[in-house]
Each structure stands twice: as structure tokens, then as C-alpha cells.
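Given chain F, work out where chains A, L and W should sit, using these hints.
4 protein chains.
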Amino acid sequence: MKDVQNSADNRGIAIQRVGIRDAHIPLQIKTKAGDYQQVLANISFTVSLPMEYKGTHMSRFQEILNKWTSKPIAEPEMADILQEAMERLQAERADIRIEFKYFVDRVAPVSQYKSVLDVDCLFDGSLNKNSPLQFILGVKVPYTSLCPCSKEISEYGAHNQRGIMNVQVSFDDFHECILIEDLVLLMEQQASCQVYPLLKREDEKFVTEKAYDNPKFVEDILRDGVLALRKLPGLKWFSLDCDNFESIHNHSAYASHEEYVE
Amino acid sequence: MKDVQNSADNRGIAIQRVGIRDAHIPLQIKTKAGDYQQVLANISFTVSLPMEYKGTHMSRFQEILNKWTSKPIAEPEMADILQEAMERLQAERADIRIEFKYFVDRVAPVSQYKSVLDVDCLFDGSLNKNSPLQFILGVKVPYTSLCPCSKEISEYGAHNQRGIMNVQVSFDDFHECILIEDLVLLMEQQASCQVYPLLKREDEKFVTEKAYDNPKFVEDILRDGVLALRKLPGLKWFSLDCDNFESIHNHSAYASHEEYVE
Amino acid sequence: MKDVQNSADNRGIAIQRVGIRDAHIPLQIKTKAGDYQQVLANISFTVSLPMEYKGTHMSRFQEILNKWTSKPIAEPEMADILQEAMERLQAERADIRIEFKYFVDRVAPVSQYKSVLDVDCLFDGSLNKNSPLQFILGVKVPYTSLCPCSKEISEYGAHNQRGIMNVQVSFDDFHECILIEDLVLLMEQQASCQVYPLLKREDEKFVTEKAYDNPKFVEDILRDGVLALRKLPGLKWFSLDCDNFESIHNHSAYASHEEYVE
Amino acid sequence: MKDVQNSADNRGIAIQRVGIRDAHIPLQIKTKAGDYQQVLANISFTVSLPMEYKGTHMSRFQEILNKWTSKPIAEPEMADILQEAMERLQAERADIRIEFKYFVDRVAPVSQYKSVLDVDCLFDGSLNKNSPLQFILGVKVPYTSLCPCSKEISEYGAHNQRGIMNVQVSFDDFHECILIEDLVLLMEQQASCQVYPLLKREDEKFVTEKAYDNPKFVEDILRDGVLALRKLPGLKWFSLDCDNFESIHNHSAYASHEEYVE
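Same order as they appear, the protein sequences are chains F, A, L and W. Heads up, the first sequence is in the working numbering, so the first residue is -3 and it goes up one at a time. Heads up, the second sequence is in the working numbering, so the first residue is -3 and it goes up one at a time. Heads up, the third sequence is in the working numbering, so the first residue is -3 and it goes up one at a time. Heads up, the fourth sequence is in the working numbering, so the first residue is -3 and it goes up one at a time.
Keep in mind that a hint or two might mislead.
If several chains are the same, the list does not tell them apart, and a pair holds so long as it fits within one copy or across any two.
Said to hold, decoys possible - Derived BS3-like pairs (lysine-lysine); straight-line CA-CA distance at most 27 Å:
no., residue 1, residue 2
1, K232, K26
2, K227, K136
3, K110, K97
4, K(-2), K196
5, K67, K26
No lab work stands behind these hints: they were computed from the structure. These figures come from a predicted structure and were not determined experimentally.
One chain only, chain F, in its complex shape (with noise of 0.2 Å):
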């Protein structure tokens, strides 16, 4: 059966990346305390295509996948799945980028009952013949804010909302790199409080007065959050955006920044 993938092509352009995208596989991630999680993942996982070849293996993508999906990953592992898309695709790059919801335990603050919070997370990883393996962890936490305005110039009450902090980190070193665990609490210190998925009525107390002790723009939380990133050590770089979801309009209030730390 003929291989057309495998015929020459002469137009000159080598393809940055070529592969599949929205595949949803079952994954499993190494967890703070040893173990892992296991998660529903959307996968976008691409190579390079040298300009000689007409196209690249799309099926290969997936047998590499199907091999994963019993053995716990972190970031070393993703250096592996790259390297083996890099070999099997004969290809000078790889590229691959995991999306999914985990969950972080969170105990009330008062009444100390459990639950667990979901988080949306992010792998981003790209291999280059040449060159280590280049990370991204992202998190997108939710947070509340209360406006410093509003409480300033109110006889009392203050508009307050959820919000979304998503952040993205990459390291020099992995053994360097955060855990998603303790990047979700370190960013939701950021906020004028955290949310919980599970309050009673002494906890919904606590977390009010929190709010209202702390309040502080879309500009202070991205700001506190730059502090807190910059301290990380063999942090390279860090985006950061902050989305209100403010409860006065029907838009958000948005900050975002982007650094290279030195």
C-alpha cells in the first residue's frame, strides 16, 4: 500500500508543527504527596516536518499516547514522550501541550471540613535536537477580589467577585519547578481571599470579613502575584493574567504581564 505521506515534496517549506489536536486521553499525574491523579486530558502534540516529506504519521501521535496513559507523568516524563515523537517521526522538534482539571484539597478555614477544588493545568512542552527540554507549567486559579473603591466610598458594602488568575512558569532546571499544589496556594494568597468549594456558616463569616479586610484590584492582585513569582527560585519566566469577573458590570476587569526573570 502506497506510503504517500512518505513522498517527496518540492515546494521548500519545512513545517514548523504538524500533528493532532483535541485528543482527549485518560492521563495520569504525579501528585505532591507521591502518588498521582489520574485526569481527563486534551492534547495538542505536533512535530516538525522537514521540507522533503509531503506529510508526517498522524497514527504515531497516538500509539506514543496510548503508552502513557498508565504511567504517572510529571515534567521528566514529558521529555520522554517528546523524545520518542522526535525518534519515531524522525523529526528535529516536538511539541506537546496537556490540558486538564485537578483537583487540590482545601480544608474550610473555620470549621476545618474537606473537599476538593478543581484547577485547570497545563503542561507545555517542546524538545529540540539540540537543546534540554523546554517546560511550561500553567495554572489557572480562582480566587475572590473586593474593590478598594467600592469600600472606600461606600457608606458600607463593597462589590466583590470571582476571578481568575491564570499563570504560567517556566524554570531553568525541572528539578527546580514548582508543584501545581503549591503554586495554587501561592497564588491564591494574591487575592483578597481564597474560594472553597465547601463553607459552613462560621467558615462563610471568615471568608467575608477576609474579603473585606483585603480589598484590592485587578492591579494589586497582578502586582502581589509578580512579587510572589519573582521570589521563586530558578524561576526564567513567568505570564500572569487576572481576570474579575465583576459582579457591577456585564465584562471583565483584566491585568496581564509577562516577564523574563533574571
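This is chains A, L and W only, laid out in the frame that chain F set:
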């Protein structure tokens, strides 16, 4: 050229709905002011298919819709569109569902600054050979809700958030059907406060204090909404659901209710 | 601390549904093989609220759900969850809607390569004080459709595309309820061809020719689906809709049908 | 009333972008024909914030946008909008991202029936104190792709599907910038066939055979797209990604490429 759709079918199944879905068309919606508003519509448009025929003629739905891109539409025109579909496709029944964003004028409560608020709307029409048009008007109204429990138990402050009311109404007679602009105004008055695209500082003080003076659970907003709807003259049926995007959780507080009105 | 929710309400409106929505929880779904599959669930969970009470107790929904994160669930457990909600929230009725992606095993038709196909599923349960559990199982099955008209009128080729069947079924008795795995298999056989995550070249030849040998309009897939569903023993009700993402248009061809089975 | 936003900040962090997001506004986009098209825009609009200030003035973004609801917009007006934001918010930089659905005229290839095709578009503009407007035009063009491998190895037929090309372009000088209508036409010619909202039977024969005569991998569509883009006079940069919604899989085949043109 053979008309495969017109060939006979012997499975004995009359199909309830067949047609097109997720078709995007520019339409003109009649306004309260007497002119029209240009909108971007997402349309599902179907007819019933007798058991004798293999298929319907899909291109005719687009032909009918194309004629309506420059003629203002309200409830009466829905009947015209469906009547044409029944005739051209020789069907006993036709259904159309038109979803669009509509802008309503908004004036800030103190500064009187003007802006336009986006509201997701629905025109849902069904026509049968032997009965008049069934028409449902739907609007999704954003609002502010402020939690009475949080206000009661906290020393200061109270959590609040944006919410969305999805209200759908059907009237005995189309002359009685409420207008989009009026339905939005009616429903948002049932919340702790309205939302506005544009607020100056004096307005922000006003809405913050108004919401604090007017705490409502999702149950309160639903119940006050039900009371308001029951008073509409000629109302035959309604459904209402309220979705509060809790600022202290990563999920919604939710209430819904549906009723045939005597 | 005052229990505001428990205070009296005099508006005289019993609310049909109040609770939480868009709550994400890890759950375990029982499989055909006898064990369970870990899934990421999106949940709506409500109870009815008598007219005498101002509000329900939102935290209890999360408390109930948290207990179910490590106990495998199928139809009988849905009744247990709802029963607990009715008791703990003193309600006459409880409803839960659980949506999750589920993976079914797939073997390529010629090469016999194995992979897992993602299918969106629904468990929808309602319990009343005076009647047994009402349970709906839903699956969204992807498929290939190939147009009979295009095949008939063209010298060569025929347009084809991916489609999604959204089928929901309810049975008289839960012992008769079909399993997810079996419902997926049954429904996809009604299309021009099944879809597979992983196909080698010999498989691609097979599915291409199978679809061409088996042209079906969206009406045909719907009708064959209806015939297949009617044969299920104990089936009480079903709804089926088919959505073909036409490769020659920027909209879908669509058909739907709903039936109470004798 | 105190202006909290104007108070001093001593964290020493100049914020790159702060403003509003997901704001919906009706706008008028200039057309090739010389008039304008009314669209529904989703807008992100931000300015930079010096380290000295605590916050920006969010209401001014809406004030500026409101003035533009009835003045037709193209690239030059983007600079005016950003210039006004820089002045009114005393910023060194302003950014705006406007996303909207735009309709292009379409004539069926044989029957000559007319319809309008919806295309998702992007106007992305950035202005700095010391440099001219950076402007990116983006369009997402739907198309048909037919698989060369499937055609080659099968006795008859070939799998095909809808795909979307996301192309973004930036020019040295705004006088050279291509128009939406022309960019759509140029890009869809690189696929196996165009898509149409309205096709009669003679047109369906035409597009079926045209796609079969013109098989292209996602790699082919990308490469031909790159060649077409490189020929645009004055083009400075482009990115292109192609997403084939495979009819034989439940995921996409995908290729992307980005280039600064000499």
C-alpha cells in the same frame, strides 16, 4: 439529476424535526422604539418529514432565511417564516430557534452616563398545520446578587457576585407578548441590583449600597421573579432559572422554576 | 449564629429546584467489565424547597457529593444520592445531573490496534417521595456520515463528515438499563461508519470504503437509530438527535426525534 | 469622593496591560464595497500602567468605545482609538483586540445562488508612544479538505471534512493591508474546496468532484497557504494554523507555521 431526497422510504418513521443547525445569519430585530436592531443570529430551523420521503431539501432553509436578512422580525414574522417553510418543504410542522445578542440602552443611576448592555435573547417558534404559532421569547439578564446570610453573620461586608437569569415566556396571543426591553427591565429589578457597562464613581457608590440594602438569595430572586411574571397580562407559560456565579466558591448557586399560568 | 435560610418565607412559592450547578468533582463510574472508571464530573444537584422556608442549605450538596468521590456509581447509587439529599435537606424531591467524559475501548477494524475513544455521557436522576427513581442515561456518540445525494450525482467521491448522535434513554426498571459501552456500540452502527482514535493505513482504506458503501443522510441515521432503540427491551422513552458537521457548509445538517415506547 | 485608583503605589511594578475584557459592543466595520457592516464585537482593551499609580480608570475604556458604535472602523481608526486611550489614561501604551463575525458574499459555483458566509475575524492593535500602530488582521476561514492518502489507498471514495484556517497577517504599512474579503478568498483557494451556505444539487456535484480532484493533507493546505501569503506585497509577518475536523477520528489533524517575511 436524480433527486435522492425525494425517493421513497419504507421504514415507516415520520421524523419530528429535520433541517439545519448552527447557521449564522445577520437579521434585523424590531425594537421597542419602532425601528430595528441589526443582530448576528445563530439559527436552528427544521420541519417534520412524512414517513414516505427519504429526506428533506436542506438548501431551502437557507433560501428562506436569506430573504429575511433585510426585513425586520418580531413574533408575527416568525409565523411567516415557518409558514413558508411548511409550504416549500410540504411539511405539517416547522420549528425555528433564533439566538442573538441584543443591546438595550442603559443610563447610569447617578451620573446619567449612557451605555448599551448586551443581553442574550431567544425567539423560538413552532407552527403546526392545525394550530396558531407557538412562540417563546427568552432573555438572559445579568444581575448582581448579595447574600443575606453572609450579610447577617458577618461583622462587615457581604459576598456578592454576578448572576444570570434565563427567563422564557409564552403568551396566549402575540398582541400581548412583552418586548425584550421591558422583560429585561422587569426581571433585573428582582435581583439585588442591576449591572451596567459604564459606571462613574458616584454610580459605583450607589450600586454598592443598593445591593447591600437589598440582599437576596438565589431563592429570593427566583421567587420575586415568579411573582413578577405571574402579573404579566396574557402570560400562558414561563420558565425561569437563576445562576449565581458565587464569589466564594468555584461553582454556582442555582434555582429554577416552570409554570403554566391560569 | 443566625440561620437565615431557615427563616420563614411568606411569598407562598414552593421552588421546584434549588441547589448547585457547574460543580466539578472526581467520580467513579461502574464499567461493563465490572470495575470502575475514574471520571471528571460536572454536576447540577438540586432539591425542591417548600414555600415555608426562605432558603436551602447549599453546603450539604457538596458534603453529600464528597462522600461519593471514592464509591463506584451506576443507576442504583443515583437513588442513594438523591435519597440522602431528600433526607438531609427535608425535601419532597431531588434531582441530579452528572455529565462526564467516558472512555470506551476501540480496536481498529483491520490492524486490530487498540485505543480508547472519548464519549460524553450523562446520568440524569430524579427522585420523588412517592415514586421510584426516574433515570436517564445519555451518550454523545461521534460517527462518520457520507451523503447519498452527493454520491449519486457525482462522477466520483462523495462528501462525508464527522457527526454526533446525542441519545438519551429511560427504562421501566433499572435492571433493564443498557450499559454505556453497549449503547455506544449500538448507536454508531447506525451511521455510515464508526470513528476511531487510531487507524493504520489498512484501517483507513477499510473505513473509507465502508462509509462509501454505506451512504446515509442525517434522516437515515436518525431513522435507523429509532429502529434500533425501539428494539431495546424495557425501554420506556428515548430522544435522539443527530448533528452532521457538513464538510461542504459552515453549518450542520440536523435531525431529532423523541418517543415514548409502548 | 476619594480617587483610590489615583493614589500612590510603592511596589515598583509597571503593569504591561490593564483594562477590560469580554466587553460586547456593536461596531461598524468598513467593507471592501466602501460602506460598512454592522457587527457584534467582543473586546479586550488595555493600557500600560506606570509603577507610581495604584490603578487605572476602568470606566474610560467604555466611554471611548461608546463613541465608536456609529463610526465605521478599519486599521486607521484603530490608531485613533488607541491614541485616545493613551491620552485619556495617561499611558505609554495601549492595546485593543476586537473579535467579530463578519459576513462575506458567496455565489454558488454552478447555480449562481447567492448567500452570505460567516467568518470569525480579529482586529488586534497596539500603540506605543514612540512607534507607529502595530496591527494584526485575523480571519478564520472554513474549508473542505480531502485526504490524499485515503483517496490513493481506497478502491473508491476518500474521507473528507470541514476544517478551519486561522490566519493572522501584519503589514509594514497600513495602506498595504489586505481586506477581509480578499484574505478569505485567497486562503480558501488553498484547500481542497471552499464551503458555501447554500448549494443546489448541481453545485453539490461540483464541490464533491472538485474536492476529489484536489486532495490535500493538512500539511498541503498549510504549505500552499504559506506560499500564497509570502506573495502578498508589504507583508511583514504572518501566522497560519489549519485544523481538520477529521471525519474518521474524534480529534483534529493540525498544522501551524509562523514567519517574519523579508
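Status of the hints after comparison with the structure:
1. Only within a single protomer do K232 and K26 lie at most 27 Å apart by alpha-carbon distance; the minimum there is 23 Å, versus 43 Å between protomers.
2. For a Cα distance limit of 27 Å, the shortest separation of K227 from K136 inside one copy, 20 Å, qualifies, whereas the shortest one across copies, 41 Å, does not.
3. In this assembly of identical chains, the alpha carbons of K110 and K97 lie at most 27 Å apart whether taken from the same copy (19 Å) or from different copies (25 Å).
4. Taking the shortest alpha-carbon separations for K(-2) and K196, only the inter-copy value of 12 Å comes in at or below 27 Å, while the best intra-copy value is 66 Å.
5. When the C-alpha separation of K67 and K26 is checked against a cutoff of 27 Å, the pair qualifies both within a copy, at 9 Å, and between copies, at 22 Å.
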